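Engineer: In the numbering used here, the protein residues as written are 64 to 376.
No lab work stands behind these hints: they were computed from the structure. Model, not experiment: these values are computed from the prediction. Be careful, since some hints might not be right.
Quick list of simulated restraints, FRET-style, between CB atoms [to be verified]:
1) ALA329 to VAL172: 55 to 63 Å
2) LEU271 to LYS112: 40 to 48 Å
3) ALA199 to GLY131: 14 to 22 Å
4) VAL321 to LEU271: 32 to 40 Å
5) GLY131 to ALA339: 42 to 50 Å
6) GLY194 to ASP119: 28 to 36 Å
7) GLY194 to ASN325: 31 to 39 Å
8) ASN170 to GLU305: 48 to 56 Å
9) ASP315 to LYS232: 39 to 47 Å
10) ASN325 to PHE144: 41 to 49 Å
11) ARG240 to LYS260: 17 to 25 Å
12) GLU294 to PRO190: 55 to 63 Å
Where is the CB? At the ideal position from N, CA and C, for every residue including glycine.
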Amino acid sequence: MTSSAASTLSRSQRRVAAGGRHIGDIVGWNTERINVSREDARKLLAAEKFEHLIVDMDPATALSRAAGEVKRPANILVRPFSRPNVDTPASFGVYLQNKNDGEKGDNVVCGARCRVDSGGNRIVSLPPEGGAGLEAALAHAENIAAHANHLITHCETRDISNVLVAMVKALSGVPIRNRGGLYLLPPPSCGTWKRLKPALEELRVEPLTIEMHDAPDNLAVAKSAAQSALESDIAELLTDLEKAKTDGMRQDALSRRVQFCNELVAKAELYRGVLAGVSDKITTKVKELQDSFQRQLSGGGSSGPSFSIAVND
Numbered sequence: 064m065t066s067s068a069a070s071t072l073s074r075s076q077r078r079v080a081a082g083g084r085h086i087g088d089i090v091g092w093n094t095e096r097i098n099v100s101r102e103d104a105r106k107l108l109a110a111e112k113f114e115h116l117i118v119d120m121d122p123a124t125a126l127s128r129a130a131g132e133v134k135r136p137a138n139i140l141v142r143p144f145s146r147p148n149v150d151t152p153a154s155f156g157v158y159l160q161n162k163n164d165g166e167k168g169d170n171v172v173c174g175a176r177c178r179v180d181s182g183g184n185r186i187v188s189l190p191p192e193g194g195a196g197l198e199a200a201l202a203h204a205e206n207i208a209a210h211a212n213h214l215i216t217h218c219e220t221r222d223i224s225n226v227l228v229a230m231v232k233a234l235s236g237v238p239i240r241n242r243g244g245l246y247l248l249p250p251p252s253c254g255t256w257k258r259l260k261p262a263l264e265e266l267r268v269e270p271l272t273i274e275m276h277d278a279p280d281n282l283a284v285a286k287s288a289a290q291s292a293l294e295s296d297i298a299e300l301l302t303d304l305e306k307a308k309t310d311g312m313r314q315d316a317l318s319r320r321v322q323f324c325n326e327l328v329a330k331a332e333l334y335r336g337v338l339a340g341v342s343d344k345i346t347t348k349v350k351e352l353q354d355s356f357q358r359q360l361s362g363g364g365s366s367g368p369s370f371s372i373a374v375n376d
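All chains, full assembly: derive it from the sequences and hints.
Structural biologist: Structure below.
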């Protein structure tokens, strides 16, 4: 953090302590190289009920990811078999590429396999079916299998970063930047983020927090972030509603969207302090959308929401 940013943070926090209205926290994080067992990560997040975000990784997914992540020698190619045997959900071939002069085509030979075993629990490396293995290809297949089996039992930096984003969303956070990285949390969620700090640090995550007070610039930033996030969700729901009306949609999918509308109404209420008069307009739009999804769910009516009230100021 730069000295200027630290100074701004210090002034903001002093204003809050002096009685300025707390309108939320800007949060983010830095991470070191992370390698933690999924079991340990769940235990660390259990106190705040976030252990469910550490999901098990399917072996086929682990194999596909490892095939792309393990650095390969220049003359090794890795690709999934177009028609793997029926005893596995995923299988990749490891090929040795022997380059020919000109453009008549390189000689590519399968030298190893890497596949989910027939029990469906682990990834194994094997010679090609019915043939002899090639040393370089077998060595690379072993590296892929080792990394894939590690991914099944461990979280790495990419996994924990995804968990952090899911965590912020669960806390009704909204992105400050289009590309993410910094999020605004509403006041009721800020205490949870602070309580998570020891667990996150144990995971080798450095949580960042900037308390926001009700200065005009802060209010403008918070309003823009909350309104943009809610409008984006409304736009997605509108697209889904059109799809439901024209192509149909399963009952469980419609039910999820009805529930999501409830969540959006609750989020708009959480940000009422910064949304000013826009909060009621957003709530009206969401409830109209919810009624339309409910009509689709009940099998009656096809008219969409009128949206006679504009969201913008």
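Engineer: None of the hints should be skipped; say for each whether it holds.
Structural biologist: Hints, one by one, checked against the model:
1. ALA329 to VAL172: 55 to 63 Å: 59 Å, holds
2. LEU271 to LYS112: 40 to 48 Å: Given range 40 to 48 Å: violated, Cβ gap about 22 Å.
3. ALA199 to GLY131: 14 to 22 Å: Holds, since ALA199 and GLY131 (Cβ atoms, about 19 Å apart) stay within the stated range.
4. VAL321 to LEU271: 32 to 40 Å: 36 Å, holds
5. GLY131 to ALA339: 42 to 50 Å: 47 Å, holds
6. GLY194 to ASP119: 28 to 36 Å: 34 Å, holds
7. GLY194 to ASN325: 31 to 39 Å: Given about 58 Å between the Cβ atoms, the range is violated.
8. ASN170 to GLU305: 48 to 56 Å: 52 Å, holds
9. ASP315 to LYS232: 39 to 47 Å: 21 Å, violated
10. ASN325 to PHE144: 41 to 49 Å: 45 Å, holds
11. ARG240 to LYS260: 17 to 25 Å: 22 Å, holds
12. GLU294 to PRO190: 55 to 63 Å: 56 Å, holds
The structure shown violates the earlier hints numbered 2, 7, 9.
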